[in-house]
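2 protein chains.
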Amino acid sequence: MVPHPLRALSLEETKTARDVILSLHKDVVVDFREIYLQEPAKEGMKQFLDLEHSLRLSPTSKRPPRLAKCQYDIVGSDRIPEYHESIVDIDVKKRVKHEIIGKERQASLTLWEFQILIEACKKSKMFQNAIAEFKLLDGFELVVEPWPYGGLDFGAENRRYFQGLCFAQDTRNGNADSNFYAYPLPLIPILDAHKKEIVRIDRLATGGKGDSLTGKTHSERIIDHCQPAEYVPELLKNGTRKDVKPINITQPEGPSFKVTDESLVEWQKWRFRVSFNPREGAVIHDIHYDGRSVMYRLSISEMTVPYADPRPPFHRKQAFDFGDGGAGNCANNLSLGCDCLGVIKYFDGVVIESDGEPRVHPNVICLHEQDNGIGWKHTNWRTGRAVVTRYRELVVQFIITLANYEYVFAYKFDQAGGITVEVRATGIVSVVSIDVGKTSSYGNVVSGGVLAQNHQHIFCVRSDPAIDGHKNTVLHEESHTAPWDKVTNPNGNFYEIRKTVINKSTGLDAAPQHNRVIKIVNPNKKNPISGNPVGYKFTPPPTQKLLATPGSIQAQRALFTNHHVWVTKYRDNELYAAGRFTLQSQLEIDGVAEMAKRNDDVTNEDVVLWSVFGLTHNPRVEDWPVMPVDIFQLNFRPADFFSANPAIDVPSTKNTSSVLVEKNDCCAGKQKL
Amino acid sequence: MVPHPLRALSLEETKTARDVILSLHKDVVVDFREIYLQEPAKEGMKQFLDLEHSLRLSPTSKRPPRLAKCQYDIVGSDRIPEYHESIVDIDVKKRVKHEIIGKERQASLTLWEFQILIEACKKSKMFQNAIAEFKLLDGFELVVEPWPYGGLDFGAENRRYFQGLCFAQDTRNGNADSNFYAYPLPLIPILDAHKKEIVRIDRLATGGKGDSLTGKTHSERIIDHCQPAEYVPELLKNGTRKDVKPINITQPEGPSFKVTDESLVEWQKWRFRVSFNPREGAVIHDIHYDGRSVMYRLSISEMTVPYADPRPPFHRKQAFDFGDGGAGNCANNLSLGCDCLGVIKYFDGVVIESDGEPRVHPNVICLHEQDNGIGWKHTNWRTGRAVVTRYRELVVQFIITLANYEYVFAYKFDQAGGITVEVRATGIVSVVSIDVGKTSSYGNVVSGGVLAQNHQHIFCVRSDPAIDGHKNTVLHEESHTAPWDKVTNPNGNFYEIRKTVINKSTGLDAAPQHNRVIKIVNPNKKNPISGNPVGYKFTPPPTQKLLATPGSIQAQRALFTNHHVWVTKYRDNELYAAGRFTLQSQLEIDGVAEMAKRNDDVTNEDVVLWSVFGLTHNPRVEDWPVMPVDIFQLNFRPADFFSANPAIDVPSTKNTSSVLVEKNDCCAGKQKL
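Residue numbers (the working numbering), protein chains in the order written: chain H, 316 to 988; chain A, 316 to 988.
Some hints could be false.
Identical copies look the same in the list; a pair holds intra-copy or inter-copy alike.
[As the list claims (entries may be wrong)] In silico lysine to aspartate or glutamate, DMTMM-like type, Cα no more than 25 Å apart, as pairs:
(1) Lys-852 <-> Glu-737
(2) Lys-786 <-> Asp-905
(3) Lys-969 <-> Asp-663
(4) Lys-727 <-> Asp-945
(5) Lys-884 <-> Asp-783
(6) Lys-438 <-> Asp-453
(7) Lys-357 <-> Asp-404
(8) Lys-330 <-> Asp-346
(9) Lys-524 <-> Asp-800
(10) Lys-852 <-> Glu-581
(11) Lys-801 <-> Asp-517
(12) Lys-969 <-> Glu-568
(13) Lys-912 <-> Glu-358
(14) Lys-357 <-> Asp-921
(15) Lys-440 <-> Glu-535
(16) Lys-552 <-> Asp-605
(17) Lys-727 <-> Glu-737
(18) Lys-408 <-> Asp-670
To be clear, the hints were calculated from the coordinates, so they are not data collected in a lab.
Since we're looking at a predicted model, the values are computed, not measured.
Using the sequences and the hints, build the whole thing.
Shown next as structure tokens:
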């Protein structure tokens, strides 16, 4: 059976691609980084999807070629790796594109490179001597946590670096999951990844308010005033709470969704495809509702997490979790009854080892339905008749772990035609040492000797709409107070709706004071009821933009954070808001800011929207040791796309499993229940 | 047993109060409006609660008196009702306060007044003649929907008016719940409530873009181009969808909460009281977590819904759903398995008839637990060990119906110390006639001949914090870009946190561009970890403020909408953001704007916070005939109140009821699952 063009590469296809690459690079070492589907060019894909949706697809129909994007280092006799990207046509087993990436760009990191850092630390005399300066308590052992190096300083040579954050782990409890983040050590070894050597140790300031940005103030016994901060249940001093009784979610008739071809999801008039790749994690394709096209592609494109502690080298704490390490690579293998409840369908991914050998990355995406309270309700107060429906959602979820931190990403589809992209931030906040008794302007003391530094998380969701077709127009709609006017506003209650069409590719901002709503419409098709063009809308979350000083490395490499919304004209392969190569970047190159600068016509064109939102996270003590989720949502809603509320036909069935509390269950007292 | 001082009045107490009032007004007719608990003055209550929480309460302890607030009209021989408010001490059966409200204020409306409008329409020749101008199709019958009159025009005599929105109902299907809103008629009868007569008929413009604000353009057959818009399932043309399989939520071990004394709720270290009154609906009192005080009182204080259609008399469409009609009066009687799922505890309310006879208003509040996805998670990538907990919430919910529209209000408590106030807007949008084929700048055509007018919903949540005691301080915290500085910001990554203490009572606004967060702290108690004062925080939702022209009646009577946040110094009986009397008001009197103007010291004082947020609702076709919920949240979160994440001891128990999809359940295709 021929795979659907949007389906992720199978193990076999991945192997084929690997073999083609190996056959082309014979007398050298090939260290593979990634192999994954190179999605078809849109023109060919549009033709294919037209056939598919009109049920005219036949075995002889023209199909876009199955292409594999292969990323790898070639290590020649000089032992300096050279980074290549190739595209292999799987069907004909041929390379169709080959690009040697120059020295100016760094490939995304892989987990095997993290291992190099760990090994190099063990071998480095310089590092061992530095560590020996600290008197660790008996039973404490060193943990090195590899991080990307952040942006290269101006003028620095663009070698490939990694940095290691150092902690001590209390091993006396014999539990490998004892929380070492509670014992930070104030030094950072720097790896030259090509030399595989620690080339420098950065010493960290540990002072507080009033202390200088550099200079040692800490004693060699700095972790003595740290305290345990355990989160694994068997290490909690008082155990877990005993009064949480189970909430069971069962679906006795099975789920309401259908999954075929391991990628095609059908649920409640929705139909879309799910794929998975190492950079973006779960991606949603070809979204239709009731046979009508809504979006061509929906993905989380990028995020950046800059830290605000001005003391060098903390300015290099700035991750691009999609571009640097790959959200798909970092995706959790999800677990039944923990990460989601009910009847669950999991999707596997395929990842590769450095020898290019593919393996299944199991349960990287979960799919399930959930109840989210009341969906719509109306009571006729004359008759007392209430009609109430539930808000049922279908959730495509993946979760990534990046060293200390986690993100839960979900695409949620609802019965009223809405699509919500949700991000939950959780995990352990990034911390550094602080001297006993001090406080800081750069973060909050969340545990003895532990400073959680102020930082931001800024996300970018890329949506490639196809509202009843690929030619769409973007406009923003605002509501404005109108002046008194005897004729047009005699009582002062009128407010004016202003619509502004976005004619050229650009960036624009949220404007909650004007209730600015972004609409994506198909100017060629009118709603039969309202006469307005059919469309979808979203309100850009007016979250704070990047705070780093304009012109700083942190700001320059994340130009995508300069606006809440970008509107660009579609081009194949433009998927990444901060550009293809973010690792160690000093400047965002080929990112969305550049795409927007082309000044393309974007009315009645194939447009792409990029929504940027996030949080300024100045940690609370309550974020320690693992922070409760902070939840962010981007809501796409139909706006005159349908002829009525599409959820009006949801049955208002009474759920028969709900019961009244029984008196002996929960309630006591002298009064009747 | 003596009722707790915060418990709502029982049937018996209500009767006692009624009888005291009747005994004091003998030779007149007394038309009762409301009788409900006059909450104790705070000073006495503080002493009582101190005893209660320190377990020193004894039968001889001093208790605040049980007081009833009684609202009623006295109808003397001149037949013009005079509105009175009295406070009755239940224990001693004595009136302790009596206030005759002047003519300048209007009492809240009651449902029996709505009935007067209906009857007056039937009796009014003028109205019957006006209706006869329309040629209704056979089988269509008139429906008059009573509304408050909105703000009195400048210079108008302050008589008591009601207005009726007119619709035709298709009775041919024999279903009393056939949706009459689909057939609006362009006239509004005006009732003089004291005379009980229709005194005027307002004719409504029905034109579109380019038409004047007044003047008739419609034909007598205006509803001929209207279409059915049914939502009750038995009237749906194609029935309800068949593919929604049940999601059952069961709690085999019962709920985790405990309710005693019909008002005291204990759940997961939370402890608070729930009461119900006709104006505010459900109110939460005396909120503690793990024995520590968080809030004295939390309530929805007010909301206003101004309509933006400038054509007179639509400027009078402006409801204050709490002050005008009473959220408690309009509360739905909730239904098991429909309005919430799982194990449900319902609370009843007590309301009165016009003769003062109390009756139980059953199931006006529901209490239940729910699962809201992942609560916190961390995976140790070295060992692969994931610890993941669920986000369990306890929900206190009530739902109100105001003619066409509904709001679902919920107070949600979570295991991480957070309190969320949630509003869901649903129901049927308010509509008026529009001529066939026209469109309008004042709203959207959502069905043939039906214009859904642009409007806003602006809510005010009142929180009376008591962070580890009643003396609290409010500050706002912002994050700001810092300039380059060789010494303090050498790499440009630093951002500065600015804290500003609110010294005097005032209004202030959301500032998302600066990540403005409002913190309520107890300046007398420091967090032992961070050294910061213990506190709670919330981010003011930066939603659009009232759009009506400054100085207009709509704006003047809703001055509370001028700011996103108000900080005032506590005074007894100051509960209502738009003042005690909103019905027909021309100006907000004794509302929060006045309270703030006192310029009270509010540092280390008993402070009250008022959070104003809402939505500008320019209707979509998808909002018809019943709109999918639009969801708004205000999130109170601990900020250095605790010494760690209070949910860290939530067990990471795997839910055993979750299952994998089975192939024949949902999935097909040639590929392995």
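- Which holds for Lys-852 with Glu-581 at a C-alpha limit of 25 Å: within a copy, between copies, both or neither? within (23 Å within a copy, 42 Å between copies)
- For Lys-786 vs Asp-905, is the C-alpha pair at or below 25 Å within one copy, between two copies, both, or neither? For Lys-786 and Asp-905, the Cα distance is within 25 Å only inside one copy (24 Å; across copies 55 Å).
- Message: Checking an output row: Lys-440 and Glu-535, CA cutoff 25 Å. Within, between, both or neither?
- Response: within (19 Å within a copy, 96 Å between copies)
- Message: For Lys-357 and Asp-921, with the copy left unspecified, which applies at a CA distance of at most 25 Å: within, between, both, or neither?
- Response: Close inside one copy (10 Å), not across copies (63 Å); limit 25 Å.
- Given identical chains, is Lys-727 near Glu-737, meaning Cα to Cα at most 25 Å, within a copy, between copies, both, or neither? This pair counts as both: shortest intra-copy Cα distance 8 Å, inter-copy 20 Å.
- Between Lys-912 and Glu-358, at a C-alpha cutoff of 25 Å, which is it: within one copy, between copies, both, or neither? Intra 24 Å, inter 64 Å, cutoff 25 Å: intra-copy only.
- Task: With 25 Å as the alpha-carbon cut-off, assign the pair Lys-801 and Asp-517 to within, between, both or neither.
- Result: For Lys-801 and Asp-517, the Cα distance is within 25 Å only across copies (19 Å; inside one copy 71 Å).
- Query: From the Cα coordinates, with 25 Å as the cut-off, is the pair Lys-969 and Asp-663 best called within, between, both, or neither?
  - Reply: between (36 Å within a copy, 21 Å between copies)
- Alpha-carbon proximity context of Lys-438 and Asp-453, limit 25 Å: within (22 Å within a copy, 94 Å between copies)
- Task: At 25 Å max between alpha carbons, let me know whether Lys-969 reaches Glu-568 within a copy, between copies, both or neither.
- Result: both (16 Å within a copy, 22 Å between copies)
- Message: Regarding Lys-330 and Asp-346, is the shortest C-alpha distance of 25 Å or less found within a copy, between copies, in both, or in neither?
- Response: Within one copy only: 14 Å inside, 85 Å across.
- Item | 25 Å Cα threshold - placement of Glu-737 relative to Lys-852 | Both: 16 Å inside a chain and 22 Å across chains, each within 25 Å.
In this structure, every one of the numbered hints holds.
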